[in-house]
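Student: Here is what each chain is made of, one letter per residue.
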Amino acid sequence: NAGVMQNPRHLVRRRGQEARLRCSPMKGHSHVYWYRQLPEEGLKFMVYLQKENIIDESGMPKERFSAEFPKEGPSILRIQQVVRGDSAAYFCASSRQGENIQYFGAGTRLSVL
Amino acid sequence: AQTVTQSQPEMSVQEAETVTLSCTYDTSESDYYLFWYKQPPSRQMILVIRQEAYKQQNATENRFSVNFQKAAKSFSLKISDSQLGDAAMYFCAYRSFSTQGGSEKLVFGKGTKLTVNP
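Which chain is which? The protein sequence lines are A and B, in order. Per my numbering, the first sequence runs over residues 1 to 113. Per my numbering, the second sequence runs over residues 1 to 118.
No lab work stands behind these hints, which were simulated from the structure alone. The structure presented is a predicted model; accordingly, all values stated were derived computationally and were not measured. There's no promise every hint is true.
[To be verified] Under the rule of at most 27 Å between Cα atoms (straight-line distance), these lysine-lysine pairs were calculated in the DSSO-like manner:
1) B/K110 with B/K78
2) A/K51 with A/K27
3) B/K113 with B/K73
4) B/K55 with B/K110
5) B/K110 with A/K51
6) A/K44 with B/K113
7) B/K70 with B/K113
8) A/K44 with B/K70
9) A/K71 with A/K27
10) A/K51 with A/K71
11) B/K78 with A/K44
12) A/K62 with B/K110
13) A/K62 with A/K51
14) A/K71 with A/K44
15) B/K73 with A/K44
16) B/K55 with B/K73
17) B/K73 with B/K110
18) B/K78 with B/K55
[Stated by the list, open to error] Computed list of chain A residues with no C-beta within reach of chain B, every gap over 12 Å:
19) R15
20) Q17
21) R22
22) G28
23) F65
24) P70
25) R78
26) R84
27) S87
28) S95
29) G107
30) V112
Virtual Cβ for every residue (Gly too), placed ideally from N, Cα, C.
Model the full structure from these sequences, guided by the hints.
Tutor: Spelled out as structure tokens, the structure:
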């Protein structure tokens with residue numbers, strides 16, 4: 001059973017470009033969570049999605065950031081018009097309905113030049 | 001809002017010795033979950049151990065055990081017989097028991113960097 005798959009592992013963007021981060025949850029998992037980790041910091045919650053629904057986006061910046069988890073395909077975290085402050089590691093986690101354990105992917109390290 | 005505090009930015013231990021990592025948290029809830037995650041240099045977040053707050057018995061997983069003090073809101077991780085592969089960042093995390101209102105998110109501490117000396 002494959003784990004949570006995130007791609008790309010590393011993403012380099014210039015200021016003003018768009019970044020798209022992908023996350024395929026574990027098989028049988030319908031809940032997806034995105035977290036951001038700044039250098040020397042713990043992970044900070046961004047958004048929680050179930051298939052085709054955003055359940056909790058209380059950690060998402062109000063502008064430029066969006067997330068989706070379509071009926072088919074991976075979850076996407078999209079950052080428009082990236083700025084240097086968006087440079088961070090972005091982690092995706094997934095869980096089954098009713099399960100309290102979240103399983104993490106290896107993260108995507110975004111670097112904004 | 002819940003907060004998690006890890007007061008030790010760095011810790012070191014000799015191989016085969018025992019080390020304890022501290023974690024305290026703040027919450028007004030009576031039921032919740034607590035977790036320790038390990039993040040080695042590969043950056044992969046790996047679940048080490050979890051504790052349900054309604055269980056009085058401390059969780060154990062092989063060489064890893066916790067000391068859960070609910071009244072003190074303390075959740076420390078003990079690693080026995082430390083191995084070189086235990087070297088990593090260790091994060092303490094909190095999750096509400098209730099899933100209403102989108103409260104399934106994990107709240108993390110800032111982490112403790114553990115070095116294991118041969």
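Student: Evaluate each hint against the coordinates.
Tutor: For each hint, the structure was consulted:
For the suggested pair B/K110 and B/K78, the alpha carbons sit about 18 Å apart, so the restraint of at most 27 Å is met. Our distance criterion of 27 Å between C-alpha atoms is met by A/K51 and A/K27, whose separation comes to about 13 Å. Between B/K113 and B/K73 the CA atoms are separated by roughly 22 Å; this keeps the pair inside 27 Å, and the hint holds. Annotation: proposed proximity of B/K55 to B/K110 holds, straight-line Cα distance about 26 Å (limit 27 Å).
Distance restraint check for B/K110 and A/K51: the Cα-Cα separation of roughly 30 Å exceeds the 27 Å cut-off, and the hinted pair is therefore not satisfied. Only pairs whose Cα atoms come within 27 Å are accepted, and A/K44 paired with B/K113 is accepted, the gap being roughly 18 Å. For the hint pairing B/K70 with B/K113, the CA-to-CA distance comes to about 25 Å; that is within 27 Å, so the pair holds. Straight-line distance between C-alpha atoms of A/K44 and B/K70 comes to about 24 Å, which keeps the hinted pair within the 27 Å bound.
A hinted pair counts as satisfied when its Cα atoms are at most 27 Å apart, and A/K71 with A/K27 qualifies at roughly 14 Å. Note on A/K51 and A/K71: the hinted pairing holds, with a Cα-Cα distance of about 6 Å set against a maximum of 27 Å. Distance restraint check for B/K78 and A/K44: the Cα-Cα separation of roughly 25 Å lies within the 27 Å cut-off, and the hinted pair is therefore satisfied. For the suggested pair A/K62 and B/K110, the alpha carbons sit about 24 Å apart, so the restraint of at most 27 Å is met.
Straight-line distance between C-alpha atoms of A/K62 and A/K51 comes to about 22 Å, which keeps the hinted pair within the 27 Å bound. Restraint check for A/K71 and A/K44: satisfied, since their Cα atoms lie roughly 26 Å apart, inside the 27 Å limit. Using a Cα cut-off of 27 Å, the hinted pair B/K73 and A/K44 holds, with the two alpha carbons roughly 21 Å apart. Proposed proximity of B/K55 and B/K73 is supported: the alpha carbons are some 14 Å apart, at most 27 Å.
Restraint check for B/K73 and B/K110: the C-alpha separation of about 17 Å stays at or below 27 Å, so the hint holds. Distance check on the hinted pair: B/K78 and B/K55 sit about 18 Å apart at the alpha-carbon level, within 27 Å; holds. For A/R15, the requirement that its beta carbon stay farther than 12 Å from each beta carbon of chain B is met, with the minimum near 24 Å. With a least beta-carbon separation of about 23 Å from chain B, A/Q17 lies farther than 12 Å from that chain, consistent with its non-interface assignment.
With a cut of 12 Å on Cβ distances, A/R22 stays outside the contact zone with chain B, its closest approach being about 17 Å. Its beta-carbon lying about 17 Å from the closest one in chain B, A/G28 satisfies the requirement of being farther than 12 Å from that chain. The Cβ of A/F65 sits about 16 Å from the closest Cβ of chain B, beyond the 12 Å cut-off, so the non-interface label holds. Every beta carbon of chain B lies more than 12 Å from that of A/P70, the smallest distance being close to 20 Å; the non-interface claim holds.
No beta-carbon of chain B is positioned within 12 Å of the beta-carbon of A/R78; the least distance is around 20 Å. Listed as outside the interface, A/R84 is consistent with that label: its C-beta sits roughly 21 Å from the nearest C-beta of chain B, beyond the 12 Å cut-off. Interface exclusion of A/S87 from chain B stands, the closest Cβ pair being 15 Å apart, more than 12 Å. Consistency note on A/S95: stated as away from chain B, yet its beta-carbon is not over 12 Å from all of that chain's, at 8 Å minimum.
The beta carbon of A/G107 is not kept farther than 12 Å from every beta carbon of chain B, the shortest such distance being approximately 5 Å. Here A/V112 stays apart from chain B, with its beta-carbon at least about 18 Å from theirs, past the 12 Å limit.
Hints 5, 28, 29 from the list above are not met by this structure, while the remaining hints are.
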